[in-house]
Each structure stands twice: as C-alpha cells, then as structure tokens.
Amino acid sequence: MSEQIHDESTRPLVRIRGLRKSFGANLVLDGVDLDVHEGEVTVLLGPSGSGKSTLLRSINHLEKPDAGFVEVGGEIIGFRHQGGSLHELGHRAITRQRARVGMVFQQFNLFPHLTVLENLTEAPVAVRGLSRKSAALQAKALLERVGLGGREDAYPRQLSGGQQQRVAIARALAVEPQLLLFDEPTSALDPELVGEVLAVMKDLALSGMTMIVVTHEIGFAREVADSVVFLDGGRVIESGPPADVLANPGHERARSFLSAVL
Amino acid sequence: MSSPVAAGHPPAAPSSPSAPPFPPALHERPEDEQLLAAKLVPLRRPGQWASALVLVVLLAMLVHTLLTNRRFQWDVVGSYFLNGSIVDGLKLTLWLTAAVMASGYLLAVGVAAMRLSGNPVLRSLSFGFVWLVRSVPPLVQLLFWYELASLYPQLSLGIPFGHEFVTVRTAHLFSGILAAFVGLTLDVAAFASEIVRGGILSVEHGQTEAAEALGLGKVRIFRRIVLPQAMPAIVPASGNLLIGMLKATSIVSVIAVQDLLYSSQLIYNQNYLIIPLLLVATLWYIILTTLLSIGQFFVERHYARGSNRGGGSARTGFWQLFRGNVPLGLS
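If you read the protein sequences in the order shown, they are chains S and U.
Residues in the first sequence are numbered consecutively from 435, following this note's numbering.
Residues in the second sequence are numbered consecutively from 7, following this note's numbering.
Hints listed in this document are in silico derivations from the structure and should not be mistaken for laboratory results.
SDA-like cross-link-like pairs, simulated, lysine to any residue; straight-line CA separation at most 20 Å: (1) S/K498 x U/G223; (2) U/K224 x S/I528; (3) U/K224 x S/Q531; (4) S/K498 x U/T214; (5) U/K224 x S/R562; (6) U/K224 x S/R534; (7) S/K567 x U/R230; (8) S/K498 x U/G212; (9) U/K224 x S/E552; (10) S/K498 x U/K224; (11) S/K498 x U/S123; (12) U/K224 x S/V559; (13) U/K224 x S/L523; (14) S/K498 x U/P126; (15) U/K224 x S/R526; (16) U/K224 x U/S123; (17) U/K224 x S/E522; (18) S/K636 x S/I652; (19) S/K498 x U/G124; (20) U/K224 x S/R491; (21) U/K97 x U/S109; (22) U/K224 x S/R530; (23) U/K97 x U/I249; (24) U/K224 x S/H525; (25) U/K224 x S/P546; (26) U/K224 x S/L496; (27) U/K224 x S/E497; (28) S/K498 x U/E215; (29) U/K224 x S/G524; (30) U/K224 x S/A527.
The following residues of chain U were derived to be distant from chain S, with all beta-carbon distances above 10 Å: (31) P29; (32) L32; (33) L131; (34) G164.
Ideal placement from N, C-alpha and C gives every residue a C-beta, glycine not left out.
Looking at chain S on its own, in the form it has when it is part of the complex (with noise of 0.2 Å):
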C-alpha cells in the first residue's frame, strides 16, 4: 500500500479490471474495464443484454464476477487477496463494503411496509449507528433536498412513482456512500415523472456525487455525464466524453443504437 499513497489522489475511486461474469452458457461480461474517478459522473449505454446492469450489479457485489475484480476505494469488492488468491469475503464484509456504495433501482423497491421516513432511517440506524433521533432529522433534510419535504409520514405506494424513486435515492443517500449507482432509474416511470427523477439526480451531479448510471436518457448523458461508456456484447466499445461518444461515435454498434434511441 505504501507505494500508493503519493498517488491516492489521481487513483480511480472505482477501478474495474478483466471482469467477465457468465450466466450458465451466456457470457454477459466479456473482460470489463473501467475507471470512475471521484466526482464524476459516468453514463453506462447499450442495448438490452449488453451487459450494463449486470456490470452495475458486480459493482455492489450483487453479482459475483468470475474473473476481474472491482476495486472502490483501493479495495477489492467481494474478496480479499492474500498468498496470490483471492479469497472470498464472509458476508459480513461484504456487508460493510456495500453500506460505502449506494444504490438506485430501477423498480426503486421501497419497503413497502414501512414510511418514507421509516425507510430512510433504517440503514442509518443498522449500520452507522445513529439514533432515531438524529437518524430522523437527517432523513427530512434528505427529504427537503429531493423535493419531498413533509412527506416522511407516507407509505411508498401512497406515492406516484416519481415521488418513490426520489425516496429511493434520498433512502441511498441516507448512508453517506462515496458513490451512487442508477440501475434505470427513470425506466419504470410515466414520461411525465421522467424529468422530477433526472432534475434531483443531475443536483446529485452538481453537488459532486460520484456515480454511475444506467440509462437510456441520452438527454442526460450529454447534459451531466462526464463520460460515457458504451457497452455491446458484453464489452466496452466505445468511451470518453459525451460530446465525441454521442455526436460521432466510431463504432457502427454504437452508431445504430444511438439512431435508434435518439
């Protein structure tokens, strides 16, 4: 480690190296690479299948990779090398390092049987160790910052969808993570309730929030994203900023699916 330390500010925040992830016979990530660094916000694109959700997944350890690593932070997610191997993480482990990653669903999966404010404290409570108390008072603060002030008594199905993916990313802020992923944040709302869900993730953008984004809003990619990343086939085609990505992008891919969403 010490040889990295003079270095730790140029390093990646999230540092992704030869990651391929198979389901039985289908090959869904074919040797990923990828760099996030601090602050930024990257926009993962692609057609169905392509692999982007799933390499979002590996980030948070929700799927196991088969060979590569995920790096946040200067430490590996899901293992722990040791002698040359690469040793699994007993859950708890896994369970501290996911609490640094926050996340955003795309069916936002509020827990339906507690109040927004209830969902907002949960995690704060069980893995930072707040009390209600403080736990409550930062949570209507998070609220008020997603335009949802005064609504912390509420069941989420009392909510239209945009209102519940707002609390679903105030519920991922709740535990300070250093980084934010989208899962299609926006795929399951009304094309009125698009625009409130991207104005409260492109404040996130401004704010410094490191994240990374699964969308197929090209609008946003070119209005917030620092860079994008297209993925086909389970690899990266295309990368950089969204201006060269999105305006000539070289790959006929990446070509055919950007005429075919824009």
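Using the hints provided, position chain U relative to the given structure of chain S.
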C-alpha cells in the same frame, strides 16, 4: 362504434314481447338528457333472496330443535359448563396449545430459513425434518415420545461410538404432558415451516437486494424487511393451523393427559351423560375459536400496513356482503 346517424336502418331483429329489437329503432332511442337524468337501478338478484329465505328457515329449524329436544339436556350442560375438572381441562388445552404453537413457530422460522439458505447441508436437514415429521401421524409421534423408554431405556452423552460421560434413564424422562408438548411442537414446526417458507417466497427478491445494497446484515434483513412483508401471507394459514391445533391437542387423551375433551370424557364415563358433556366441550371450543378468529382479524389488519389489501376499511367481510345485498328490496 358508428354514429347513430350513420347507422342507417337497424337490422330487423326477431321481436318478442320480452326482448325488444337490438339496437332499438332510431326514433325509440332516448335523448342524452333523458339518459343523464335517469335513475340507476341495480341488478335485481331474486336468487339470493330465495336462498337467504331457505337458509333462514333451516336456521330456525336448527334453533328450534336445539331448544325443544329435551335429550340435549341443556340444564345438564349448564351445570357442568364451569365444572372444576372441565375448567382444569380447558386451562390445560389453552396453555398446551399456546406453548406448542409458540415453540413450534420458533422452530418453524428456523427450519424455513434453513430451507431457503444457500447452505446445502442446512437445506437437506430442513427438508429431511419436514419430510419425516409430516410423514408420521401425530398420534404415532405422541406415543413414540411417551414410550421412548421402551425403545431407549437409557440415553447417554459422550463421544459417538466411544466413551460415555453422562447417562440418563429414560423411564421417567417423558411424562404424558412432556411427550405431548414435544410431539405436537415438532408437528407444528414441520407444517408451520412450510407456511413461513411460502410467505417468505411471496416477498419480492428486489426487497432483499435493496436491503443488501444499503448494507443491512442478513439477520436484520430477515427480521425487519422480509418477515414483516411475509406476514400477510403467513397469518391466514397460521390462524388455520392454530385453530386446528386447539382441537388437535385433544389427541393427548391417548396418553392420559386431561385436556378439555378428555376431562368431559372422564365425567361421562361415570355418569353416561354423553351428549351434554360433549356439548360442554364443543361450546368451549366454539368460544375459543371465535375469540381466535377475531384476534386473527386484528393481526391481519395490523400487517396490512402500507398496502391496499384487506383491513383499513370498516366495511369489510360480512357487513360489506350485507350492505351489498340490502338495496335489493329498496326502491
């Protein structure tokens, strides 16, 4: 739909006095204003009225025969209703059911969690336990525990196939009541574990993933996120099991444990007042089942928090059915 004007001549439908031609001739169609001013008349359901009437008559006959048939001997029922040994039997039935259900469900949650775990050893163990206990009739299990002494006269703690440290004679290890408790607990655990497992499987996997992504630990996810959401699926079947167990405890009479039913049997074996004493036991079972059903209603309503299903509204169940059918006779 084509507009009325474009519809032209309506087809000449075969007309009968009860069924007017459809669609009606243009000049017979009501104006929009008439339709808007018209009163809504719900569909009449004379069949429901007729069946209700039949049921009321049958119910009246039942009440009549219960009251007038002297051979039910209601005065004897009354005199034994709060009889000392009946009440003792009732107490035993109550606490045996409570103890069996409580320890059975504790075991059941563990067995269900084992069955759903990633550990193949635990999964097989859980499967084997449920298979074995469900295969053996509860009566046989009860007798097995009661007669354990004849199968294993002594039990020892020690190294398998090696030295023994402690040895216990089993002759007086299992009294009737303990055998009943152990046998019925295992029975409840096996059946309830399948109920709990079904409830857990009904909770969307995304809930667990979201909780994992927040960094919640395994036990906390199960206790705080998955189990409460599984409860709406678990409670109705468990209410069934509880009420079933309340009455199933009466099989303990085979090992001479004096529960509610066995107490009344002991009395009628002496005085031959068989029917009245069976009625005493039955009335108590009816009272207990009624109380438990009411309790189940409130438990279900509690776990319906945050969902639109069941509970919440005051107009549920019988009242809703009643209200839905009363307008039949009105207007």
